[in-house]
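Student: Hints in hand, dock the two standalone chains.
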Amino acid sequence: EAGVAQSPRYKIIEKRQSVAFWCNPISGHATLYWYQQILGQGPKLLIQFQNNGVVDDSQLPKDRFSAERLKGVDSTLKIQPAKLEDSAVYLCASSEQLGQGARNEQFFGPGTRLTVL
Amino acid sequence: AQSVTQLGSHVSVSEGALVLLRCNYSSSVPPYLFWYVQYPNQGLQLLLKYTSAATLVKGINGFEAEFKKSETSFHLTKPSAHMSDAAEYFCAVSRSSGSARQLTFGSGTQLTVLP
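So the sequences go chain by chain: A and B. Residue numbers for the first sequence follow my numbering, beginning at 1241 and rising by one. Residue numbers for the second sequence follow my numbering, beginning at 93 and rising by one.
Hints are computed from structural coordinates only; laboratory data are not their basis. Wrong hints could be hidden among the right ones.
[Unchecked claim] Some chain B residues well away from chain A (every beta-carbon gap over 12 Å; in silico):
no.: 1; residue: G108
no.: 2; residue: A109
no.: 3; residue: F155
no.: 4; residue: H167
no.: 5; residue: H174
no.: 6; residue: A178
no.: 7; residue: A184
no.: 8; residue: V205
no.: 9; residue: L206
[Said to hold, decoys possible] Straight-line alpha carbon distances no greater than 35 Å define the calculated DSBU-like cross-link-like pairs of lysine-lysine that follow:
no.: 10; chain 1: A; residue 1: K1318; chain 2: A; residue 2: K1251
no.: 11; chain 1: A; residue 1: K1311; chain 2: A; residue 2: K1255
no.: 12; chain 1: A; residue 1: K1255; chain 2: A; residue 2: K1318
no.: 13; chain 1: A; residue 1: K1284; chain 2: B; residue 2: K160
no.: 14; chain 1: B; residue 1: K141; chain 2: B; residue 2: K161
no.: 15; chain 1: A; residue 1: K1323; chain 2: A; residue 2: K1302
no.: 16; chain 1: A; residue 1: K1323; chain 2: A; residue 2: K1255
no.: 17; chain 1: A; residue 1: K1284; chain 2: A; residue 2: K1302
no.: 18; chain 1: A; residue 1: K1284; chain 2: B; residue 2: K141
no.: 19; chain 1: A; residue 1: K1255; chain 2: A; residue 2: K1302
no.: 20; chain 1: A; residue 1: K1284; chain 2: A; residue 2: K1251
no.: 21; chain 1: A; residue 1: K1251; chain 2: A; residue 2: K1323
no.: 22; chain 1: A; residue 1: K1302; chain 2: A; residue 2: K1318
no.: 23; chain 1: A; residue 1: K1251; chain 2: A; residue 2: K1311
no.: 24; chain 1: A; residue 1: K1323; chain 2: A; residue 2: K1311
no.: 25; chain 1: A; residue 1: K1323; chain 2: B; residue 2: K150
no.: 26; chain 1: B; residue 1: K161; chain 2: A; residue 2: K1284
no.: 27; chain 1: A; residue 1: K1251; chain 2: B; residue 2: K141
no.: 28; chain 1: A; residue 1: K1311; chain 2: B; residue 2: K141
no.: 29; chain 1: B; residue 1: K141; chain 2: A; residue 2: K1318
no.: 30; chain 1: B; residue 1: K150; chain 2: B; residue 2: K161
no.: 31; chain 1: A; residue 1: K1302; chain 2: B; residue 2: K141
no.: 32; chain 1: A; residue 1: K1323; chain 2: A; residue 2: K1284
no.: 33; chain 1: B; residue 1: K160; chain 2: B; residue 2: K150
Note that the structure is predicted; figures quoted are calculated from it, not measured. The beta carbon of each residue, even a glycine, is placed where N, CA and C say it ideally should be.
Same shape as in the complex, but just chain B (with noise of 0.2 Å):
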C-alpha cells in the first residue's frame, strides 16, 4: 500500500522568496511520485514526476523536486515565487510496477502569493 502526507495545508510567501512544499511518502515498493498544480475550476496538471532516473527532478514554471529515499520525502522548490504559483498542490505516489499505476494523492497545500 501506498500513502502521501503533506506537511501544512495552507503556506503563505512573498513574492519572491522560495517556495517549499513538503511531501513524504510511504510505499512497500520503489515509488513513483508526482507533483500536480490545481488553480481555480481547473483539472489538475502535471508540474513534475520522479521516475527512478535522476533524483533531482526539474518540471514546469520553474519547480524542481528531489527525491531522498533515506528520508521518505519528495520536497517541491521554487527559488523565487510569483503571484501566478498561488494555487493548490498535491503530491501524489504510484507504484513502479504492475499493471494498475495507480495514483494516491494527499490532502493538498494551498500557495499563497503575498504581494
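Next up, chain A with everything else stripped away, as it sits in the complex (with noise of 0.2 Å):
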C-alpha cells in the first residue's frame, strides 16, 4: 500500500513570497490533515478535511495560509506571503473515514521542510 506522498520535500525561499506544498493522501483516505513542526516542537496541526470540506481550520493563520481539497483527494497548502517564523517542516497525515472508532490512525507523510531567508 502506497503511504502519504508530499512534494517537494525542501523547499528555500525569501520571505515575503510566496510557496505551495502538495500532499496526495493514501487512497480511499477520507481525512487529510496538515500539521505545522517548528524545530524542537511537537507538530500543530493547521487544518482538517472530510472529503472536501473543512472540519476544523481554527489554527490556521488565515491571513497567509490557506489550503483546499478540491475533488477530495489530492491537497494543497500555500502560504502567501511568507514570514521567517514559517519556517518549519510541513507534514500531512490521512486518516480513514471518521466515526470508525480506533481505526482513525494517522498516517503521515515525509513532510515538506521550509526555510524562509
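Tutor: This is the structure:
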C-alpha cells in the first residue's frame, strides 16, 4: 500500500514570497490533515479536511495561509506571503473515514521542510 | 481540551539498557493515547496506541506503554535499547468521542543510544 506522498521535500524562499505544498493521501482515506512542526516542537494541527470539506481550520493563520482539497483527494497548502517564523516542516497525514473508532489512525507523509530567509 | 507533557526533551541510554520515556496527559474526556517515532528527515510512524482496551499496550520494535489513569500517565518503555532506536519520540492524545479526533502532540523527546 502506497503511503502519503508530499512534494517538494525541501523548499527555500525569501520572506514575502509565496510557496505551495502538495499532498496525496493514502487511497480511500477520507480525512486529511496538515500540521506545522517547528524545530524542537511537536506537530501542530493547521487544518483538517473530511473529503473536500473543512472540519477544523481554527489554528490556520488565514491572513497568509490557505488550503484546499477540491476533489476530496489531493490537497495543497499555500503560504502568501511567507514570514521568517513560517520556517518549519509541514506534515500531511490521512486517516480513514471519521467515526470508525480506533481505526482513525493517522498516517504521515515525509513532510516538506520550508526555510524562509 | 487536551494536552500532553513529555518530561525530558533529551534522554540518553546505553545500548542494552532500559528505555523509559515519560508522558503525562490532561483530558476532559476519556482519551486515546499514542506514541509516534520520527527518524531524521522522515514523517511520524505510529509505535502504539491506547484506545480503552488493555491498559498495557504492546507496539512495534519491542516498545510498550502502560495507561495509568490514576497517574494520568502513558510512559513508553523498552527493556533493551538498540542503536536503531535513536530518534525523536512524540506522545499524543485525542478525544475518544466526537467527530474531529484531532491529535494534540507533546514537544517530543530525543532519544540517544550510546554504544
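Student: Against the structure shown, which of the earlier numbered hints fail to hold, in ascending order?
Tutor: 7, 25
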